[in-house]
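Asker: Sequences are here, hints too, so could you generate the full structure?
Number of protein chains: 2
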Amino acid sequence: MKMVENAAGRMVPDEINGGEAIPFKGVGKHRPGGRKYAPPIPTCIDYPDDNNKVVSSLTEALERCGLQDGMTISTHHHLRDGDLISNKIFDIASKKGIKDLVWLPSASFPCNDPVIEYLENGTINRIEGSMNGPLGMFVSEGRMKGMAVLRSHGGRVQAIQDGEVKIDIAVLAAPAADAFGNAKGTGGPSATGVLGYAKADYLYADRVIIVTDNLVDLPCFPMEIEGNYVDFVVVVDKIGIPEKIVSGTTQITKSPDRLLIAELTASFLEKSGLLYNGATMQAGAGGTSLAIAVFVHEMLRKKGWKLSFGFGGSTKYMVKMLEEGQMGYILDAQAFDLDAVKSVEQNPNHIPYSVFNAYNYHSKGNLTAMMDIMILGATEIDTGFNGNVVTHSDGLLLHGIGGWQNCLHARNVIIPVPLFRDRIPVIVDRVTTLCGPGELIDVIITERGIAINPRRQDLIDSVMGKGLPLVTIGELKEIAEKMCGKPEKAVVDDRVVAAIKWVDGTVIDAVRKVKT
Amino acid sequence: MKMVENAAGRMVPDEINGGEAIPFKGVGKHRPGGRKYAPPIPTCIDYPDDNNKVVSSLTEALERCGLQDGMTISTHHHLRDGDLISNKIFDIASKKGIKDLVWLPSASFPCNDPVIEYLENGTINRIEGSMNGPLGMFVSEGRMKGMAVLRSHGGRVQAIQDGEVKIDIAVLAAPAADAFGNAKGTGGPSATGVLGYAKADYLYADRVIIVTDNLVDLPCFPMEIEGNYVDFVVVVDKIGIPEKIVSGTTQITKSPDRLLIAELTASFLEKSGLLYNGATMQAGAGGTSLAIAVFVHEMLRKKGWKLSFGFGGSTKYMVKMLEEGQMGYILDAQAFDLDAVKSVEQNPNHIPYSVFNAYNYHSKGNLTAMMDIMILGATEIDTGFNGNVVTHSDGLLLHGIGGWQNCLHARNVIIPVPLFRDRIPVIVDRVTTLCGPGELIDVIITERGIAINPRRQDLIDSVMGKGLPLVTIGELKEIAEKMCGKPEKAVVDDRVVAAIKWVDGTVIDAVRKVKT
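Here the protein sequences come in this chain order: A and B. Numbering follows the working numbering, with no gaps: position 160 of the first sequence is 160. Numbering follows the working numbering, with no gaps: position 2 of the second sequence is 2.
Calculated directly from the structure, the hints in this document are not laboratory data. Possibly wrong hints are sitting among the right ones.
[Unchecked claim] For lysine to any residue, the following SDA-like pairs were computed, each having C-alpha atoms within a straight-line distance of at most 20 Å:
1) K238(B) / V54(B)
2) K36(A) / P39(B)
3) K306(A) / N277(A)
4) K166(B) / G34(A)
5) K342(B) / P348(A)
Since this is a predicted model, take the numbers as computed values, not measurements.
Answerer: Quick look at the structure:
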């Protein structure tokens, strides 16, 4: 493995966990070759005549799927911090003395911290997916055997589709399933609303196990997972802890600074003309985003306008827009709170949506490119408008990418951020880790002013002279540094502990081991 | 190419149109190897930034898809006899001097007879799909250049999935579509209800063209075809002739003999216990099947029972059961009449259903195996309970297989047929063309008695002594022959004009050129 400089000027490995890695070539510059991944052809001969695929336990299902050293096991993150299944897989594997598994979750949560034990004892070689908190620390400290690979939600789908990762066994928890394996996200004690992040897994994995605490009569409708792709069904007492699956408490920020940022953002949307009758919008579930949603809702109501659709992760604030007539549809890959879960179940205009359609860059176009307004966050933004969402300026890997990179392809990408957090500037000279190239980020909105990317003269023109506090990104950085001082550079050594993939599978940056 | 004897004792070619062909090995005996077909990896780079894929004409779309000699072009049959698009493709190709195309429709109809011109002038080499009436005659007379390949609906999906046929361009007519290519079967002047038979095509084709007469705003919901698989969208005045898409006149038989058969069938279902509260059933849209549906509905109502679900092709008689509470769901791949089309659009329990899930044998189980009661037709049944649905006893190829072979995998397969048609016996010594092995066919119900397959002693026991006119299949044959005489053997020569595939891709029989 050697380090090479990619098109963004970042040094990245040319090899990841023994496989070839392609350095980032620039936005829209890497043209994939070859064909999609092709799973083995199954036959009905191998499945029970009555199509009852229920087996006695997850252990039995894993054994019958041929669990062995080095396999890649995938899971989805719809149970979020209430997930009771993922850790159990590695529990079983560890007891059986299995080594060097690769875990490919669509995201991980604090409840998954116990897998550190299995990373330490060799059951798991590495995680390819988001790592927050203690798991991120574990990686940052160089303690994970293999190299972590971080992908966006769309990048995960791209990698699975393209065969960049090959899933041996997908273990998919389902709030409702029938004995054939048809499954959905609504219903039962552990409802997640939708199961959008499980689609790539069940379509492309060699073997698929459904784990449910709510076995229903055939047919389980609407089927988000189709039973004809499923090998085994396992029934357990509980797949999740309901109050941790949906917090029920997605809260609007109470910080005066964040509220100011939200107000400025709403004002920017109005004055720039980006908000119009029929626009499309995606925000998120952070406190500032929720406040923006509320301000936007109010504006729409006053003007008698309606958003054509909003793309989820859905929240009660989106549901309110839908129900009160200010949003035509919610297209949804993930429901963040209880109101959203209920809405998916009851409102025909709240529709489970495919991640392939929304986010996959190796696709014949995707939904994100059609979104007018995209509100995102970041841990750091630099003066080239480049964004970081995975590390802090101390170099610690503490967040996943989520759909962030995918969302950068929207028509107008707006990042409302505070100028600093815990007295550490957010606007910096050069982002610690490059996750998204500046050419895709259009507007930075802080409590001290709005910086528009000079590449978007059209946006600058649209708000010029309309009373908004326009500044340059350089000015924002200087204000931040004046107040907090220049942030210290992360102290890292040469070892690459994580690779950051771009939406096309190339390597946009690498995270190094933090010196302790 | 040489002829070999397959496991059913039929002589079949070991090569079809230059490719290797595997002779039928017996039910559940052929184990597929290898992997599913893998289409090329696309990239968003190649699609318009605004995702507007509308081009000026079908000609432009075909050109931009690189239409050339020898390509395979697929279409679906949801517009049935009102299809205005399929012929146009070959019209365009013919004008451009393109030669040797393969047409892979999910079914063909009388309105497609004009393609005979393009078969004659070399634009089309062959049709792989059903051929009725004049098209079937054309094939039977040995006038088609390539060998026809007939597959069941599930077999078509299997062949596409397994790469046995590779679709270069899928041209998919859509009653509603948006500019991104999301499409559905409901809405607009040419509503078909569902688009179930287009799924394999859009998932596996290298290039996909949507043709619509009803361009709607994004997002076109519920999307049966996902725009992220679509290359181009073409808007035309009319994709179909509404009154020929859905006849609106699916009529119950008025023939006293057929009504007697229907009554006997309903009585058999009741006395055998096959009909119970919660059973699952599939019938069809023929006059006798509709009469059976009406009788069954009446029984369910009297007993206060409800079918768990019915699998479509849906008709107004199924819709009535659904609406009046005698059927839990209609799962549907095709809507046969106007009531069915409306029902799909309005009733959340009338659900578009994947052919992969319902019928694909190279799948991890499928729905058909879970159906309790399966009512099918046949052109001939022999004393070994083997069935023919494609030729008549004169050897002429006049029908497609439809879902017939797939449906044979249901728990109880019942074939109500008249003993003879136009004074030609239906029950014969040996079927002219073998489409389904006798071991999968359980009960033959005629106006002169009910023959139960001796392999199903359980069914014989269930109705013994209950007043039903039980006979042996041999007796049925003798009655038929006594009344009509022994049918003359088809006069054919050695040339194979069509191969009949079994659900696993093997060749179960061959159709020979009829001597004229």
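Asker: Determine for every hint whether it applies to the structure shown.
Answerer: Now for the hints, and whether the structure bears them out:
The suggested pairing of K238(B) with V54(B) holds, with an alpha-carbon distance near 16 Å, which does not exceed 20 Å. For the given pair, K36(A) sits about 6 Å from P39(B) by alpha-carbon distance, which is consistent with the 20 Å threshold. For the proposed pair K306(A) and N277(A), the alpha carbon gap of about 5 Å is at most 20 Å, so the pair holds. Distance restraint check for K166(B) and G34(A): the Cα-Cα separation of roughly 16 Å lies within the 20 Å cut-off, and the hinted pair is therefore satisfied.
Our distance criterion of 20 Å between C-alpha atoms is met by K342(B) and P348(A), whose separation comes to about 17 Å.
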